[in-house]
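Residue numbers (the working numbering), protein chains in the order written: chain A, 1 to 348; chain B, 1001 to 1645; chain C, 2001 to 2199.
No lab work stands behind these hints: they were computed from the structure. Treat the hints with care, as some may be off.
[As the list claims (entries may be wrong)] Below, in silico cross-link-like pairs of lysine-lysine (DSS-like), each with a Cα-Cα straight-line distance of 25 Å or less: (1) A:Lys-146 to A:Lys-131; (2) B:Lys-1436 to A:Lys-7; (3) B:Lys-1436 to A:Lys-10; (4) A:Lys-210 to A:Lys-131; (5) A:Lys-146 to A:Lys-250; (6) B:Lys-1585 to C:Lys-2064; (7) A:Lys-131 to A:Lys-246; (8) A:Lys-307 to A:Lys-261; (9) A:Lys-131 to A:Lys-240.
[Unchecked claim] Going by beta-carbon spacing under 8 Å, a handful of chain A positions derived as facing chain B: (10) Leu-55; (11) Ser-59; (12) Val-63; (13) Met-66; (14) Thr-67; (15) Ala-73; (16) Thr-107; (17) Ile-125; (18) Asp-180; (19) Ile-182; (20) Gly-199; (21) Asn-202; (22) Gln-217; (23) Ser-258.
For glycine and all other residues, C-beta sits at the position ideal for the given N, C-alpha and C.
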Amino acid sequence: MNALLRKLGKCGFRLFLASVLAGLGSAAGVAAPPLGYLQSFGSKADSILNLTWGLLIISILVVVVMTALVLWAIFRSRDVSRDERGLENIESSKRSVHVFEFGLGLTMLILIGCVAWTMVTLAAIDHPHEKPAFTLEITGQQWWWKIRYLSDQPSQIFTTANEFHVPVGVPIKIKLRSKDVIHSFWVPALTGKTDLIPGQINTTWLEADKPGVYSGQCAEYCGAQHAHMGLRLIAESAEKFEAWRKDQLKSASEPAASNAKAGLVVFESRCAGCHAVRGTSAGGVYGPDLSHLMTRATLADGTIPNKGGYLAGWIADPQHIKPGSRMPRVALSGEELQAVTAYLRTLR
Amino acid sequence: MAQISAIPIVDATPELARKLDGIWTSGSGVLGWLSSVDHKSIGIRYIVTAFIFLLMGGVEALVMRVQLARPDQHFLTPEQYNEFFTMHGVSMIFWYASPILSGISNYIWPLLLGSRDMAFPRLNALSYWIYLFSGIFLYASFAAGVAPDAGWFNYVPYASMDYNPGINIDVYSLALILLGISTTVGAVNFIVTLLRTRAPGMSINRLPIMVWGTLTASVGNVLAVPAVSLAFFLLWLDRRFGTHFYDVPTGGQPLLWQHLFWMFGHPWVYAIVLPAMGIVSDALPVFCRRPLFGYTVVALSTVLTMVIGFGVWVHHMFATGLPNIGMSFFSAASFVIVIPSAVAVFAWTATIALGRPRMTTAFLFFASFIVMFVIGGVSGFMTAAVPVDWQLTDTYFIVAHIHYVLIGINVFPVIGGIYYWFPKMTGRMLSERLGKWCFWLTFIGFNVAFLPMHLTGLRGMPRRIYTYGPDFGWNTLNMISSIGAFVLAIGILLFLVDVAISLRRGARAVDNPWDAPTLEWAVPSPPPDYNFVVIPKVASRHPLWEDRLGETGERSLLNRGCSLDDGRETLATTSIDAEPDAILKMPEDSFAPLILAISLSGLFVAMLAQSVGGGVLALCVGFIAMLTWLWPERVTFRPVEESHG
Amino acid sequence: MADAIVLRPDRGSVSDDLKKSSGWWGMLFLVATEAAVFAYLLFSYYYMAIENHSVWPSSAPSMKLALPNTIILLVSSVTVWWADRQYIAGRMTEAMDGLAASVGLGVVFFGMQLIEWHNKTFTLASDPYGSLYFTITGFHMAHVVVGLVIMATLILWLALGHLSDRRNSAVSIAAIYWHFVDAVWLTVFFTFYITPYLS
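Produce the complete structure using the sequences and hints provided.
Dropping the structure here:
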């Protein structure tokens, strides 16, 4: 029995090691998962990642060593001659006490080192190394993100929702507020989590060093649709960002097609209570700003893609797609639905 | 009154045993069971009830794993999922993890300590009845479709009236406050028992580590439980009486909730593992055929862990925007708390290495516990670093961490402990054959379910989401975890099958089937109601191994001692050196604890219904029950001392 | 090794022996857990005061009633202590008198606290300060009422002769509880009435 267990122990141990390495490989690998954080793309996340890897490697080593030690302790060869019911000699040899003390001492040294490294990292990422390019004010609410680009000049302030752009290579300051319950802002590739707590304003910052699309997610349980409260951050060159920003500042133009014109009428009467579109009389603040809806890749904050029949499906029955969502089922006739969808499709 | 009367030291004889039997045996039938104050009966009730909650929490988990096995599933609605994950956490953390350890401690402490019962037998019964009724109170909400749905941690404002107007949160709040009474009362019982009713000679350095563990947890509970009871009480006031503790528009502070909750929550997680670690510290050496290596440092590390445990709670709040200086302190403390845990891990490993392992089922659970302790420990160690925590927190990495520490450090020692003590409790052995199957299925299932979750978390899967999209890279990992969960469930099921079969057909157990050293193995299996025919006198940590260990020349005295047979009596000793101090008169069976528990539960039902009349009635009944309980009819103690002439 | 365990003869000091009753120890730890409740309540007060300094009342509440009330409660602790000593010395009637005095003083405290509550311009539901004030003083009042019930019960038992064996520790145990209620009041009084002057 013991020999079999010994074999099982060795086998299991190797399997365990292999799976750990494979797992880490996949997590850090080329096809990094959208919300994974074993790859970083900004100076803040870089510092955090170094410490993460450090602690992860120490952890894995500790587990490997201790598992090996326990297995050795169980299976190591012993004299066979002892009577089964006998008791072992309890004289703790000086050697075992020394080994114990050594292990404890090593543990303490490692811990002190980790404390120091943690403090250094914390201090390093507290503030960006240069002045932030601009400040975003992000207000979380059940279950979407209102994102406001602040500026000293009131004419340069604009609002969008769930998806936002930043220029690469410069830090961005973010002020976080909540309209209702506690949420948490998290874009794993660029920054750790910061909570949005009603009644106070928390601040964070991030910086993207490479152009790309970075996913984020609300990371504090906030109710029924916490699962569908994502973020999409697009980092791009300074020129492309400027172009996007100027575009966002523009008001929506008058729709040309008659279908869309009819849709605007529906929109202003049925949707404007909650939604805003700059350039129209719709100025509702309870729901996301839709001025440039078609520039976003998803609808309902990451729940469905913004293409094909999804938009009409969402407007027709939001509760079916995102049960519990604050958007009610607005009773629209087939014509009205087609019209308003056509109008919304013009909002680029 | 100058008369000195001697209480002689006598031999343990069958006549004496019969006499004690007559004095101590509880009544028969349902009434006898309802009025019994025997710690063994109460302990078994605790264990059975806690296992029922474990199973319910486990079923809740399996349902969740079905929902999460694949992306975009609609097996559960979001609201249902949120109720399930809340009830899973609440059931496991509150209604299983602590009561199971209370139950085992309740059963075994007086036997370990050489006493006839706990210091407060009726209080013991009260704590069980309140526990049972609070659990029924909670689960009634599930049956009525109004289960709490804001997570076990119940953060405001989401748990406040504005966002959660139903009675779901009120049920949770009141059920938990009611349970808190049971926990507190039970903790006081353990502490006073430890301080007062040990056998002569069981000085503080001869206590089994399990006693240290439960004692430490009890002191922690006495100081920490009020925080959570208060947090929920203030929430109930906010919700139903319009107060402004947490609601933001009038200046309430959502973070006040988090502080109060975690000032309780962190010590609590140590309270639900330290006694289990103690079980391993006492039972593992038996299967290594030698005493525990480093007894003193392990005892000290137990206490130190709880003490430091009161100083780390903010590490649950690292993302809330607190100033760096405050967070740094708590971060450092969270690293420091690794040290006493490391001490224990090294001690257990050394015990095995320097011993001669016997590969029983119990040993397998205890040895594997060490590895899982280390895994759970390092994942916790990683979160002590504030910036790293900002990535790890609220992801499945934390889910992996908590299950390694909860299942690895609580459930595994519990199952191992039951394999160890089942013979003593029931007079029958569990099946080693079934036990090995149970162990391997549980161990493999658990690791297949939770080891990949570290990776799932590192790949960014957040906690508490009812579903996820197919393009996040979590699909395979979730499927693996779900499969593992079901294998784990089969393992647990097999354990229950083993218990059921062995109760009827298990091999008969002798007094000391494991050749273990502590006092409980000196009495028959199962023990008589009075535990010991004569109060033993203890001379070392390992009374039954003294001859063979040769640690000391003194010998414990097990067959000669005070009979204390003038009604129900046990011996009280001094706290540090355990010298005889007083004879304690123990109470007869009583219905007062049950009545008081019913009235307290009635009070909480009245509070839920906001019925003043009901509350007043409940208080009156409770008052009468307490009056009956405390009515002075007899003297409760008589001071004594040893005579040497 | 001892041949026997003996019943201790009566010596002068019974009070040492009272520490041998389990109930005495149980009450100590009950006091510890209830003290923790108040510690967390006061923590909540200080936390809110710091976070809310803009909307917290700027002036301290008047001590017109609270200060005499505090003294009344302190005196009631003295009478309980005295009653306990009388009981240990075997003077049952005096013990009952002492307890009755404590109950009387406690009832006065209760009444004056009700008047103070009535005079407040805010309620439990006005604002965080109001919620904290009434909750904390309310918790304390509940403990006072429990203490009054305990002492009244003791007077009844003394009158019926049930506590004639001086080793019964019921009076000492009740005294511990009442002293605790008093000590808690001092911390509550300090928090509400004194700290505003310190900031």
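Restraint status (C-alpha distance of Lys-146 of chain A to Lys-250 of chain A at most 25 Å): Satisfied, since the Cα-Cα distance of roughly 18 Å is no more than 25 Å.
Proposed proximity, Lys-240 of chain A with Lys-131 of chain A (alpha carbon, max 25 Å): 21 Å, holds
Pair hint outcome, Lys-1436 of chain B versus Lys-10 of chain A [Cα-Cα no greater than 25 Å]: 18 Å, holds
Hinted pair Lys-1436 of chain B and Lys-7 of chain A, Cα distance within 25 Å: At roughly 16 Å apart (the allowed maximum being 25 Å), Lys-7 of chain A and Lys-1436 of chain B satisfy the hint.
Status of the Ala-73 of chain A interface restraint (C-beta, 8 Å, chain B): 4 Å, holds
Restraint outcome when Met-66 of chain A is required to lie within 8 Å of chain B by C-beta distance: Where the cut-off is 8 Å and the nearest Cβ of chain B is about 5 Å from Met-66 of chain A, the hint holds.
Supplied contact hint for Asp-180 of chain A, tested at 8 Å Cβ to chain B: This interface hint holds because 7 Å falls under the 8 Å limit.
Hint check, Ser-59 of chain A versus chain B [nearest Cβ-Cβ separation less than 8 Å]: 4 Å, holds
Status of the Val-63 of chain A interface restraint (C-beta, 8 Å, chain B): At 6 Å from the nearest chain B Cβ, Val-63 of chain A passes the 8 Å test, so the hint holds.
Hinted pair Lys-131 of chain A and Lys-246 of chain A, Cα distance within 25 Å: Holds, at about 22 Å.
Hint validity - Thr-67 of chain A Cβ closer than 8 Å to any chain B Cβ: Interface hint status for Thr-67 of chain A: holds (5 Å vs cutoff 8 Å).
Proposed interface contact between Thr-107 of chain A and chain B, which counts if any beta carbon pair is under 8 Å: Holds. Min distance 5 Å.
Of the numbered hints listed earlier, those contradicted by the structure are 6, 23.
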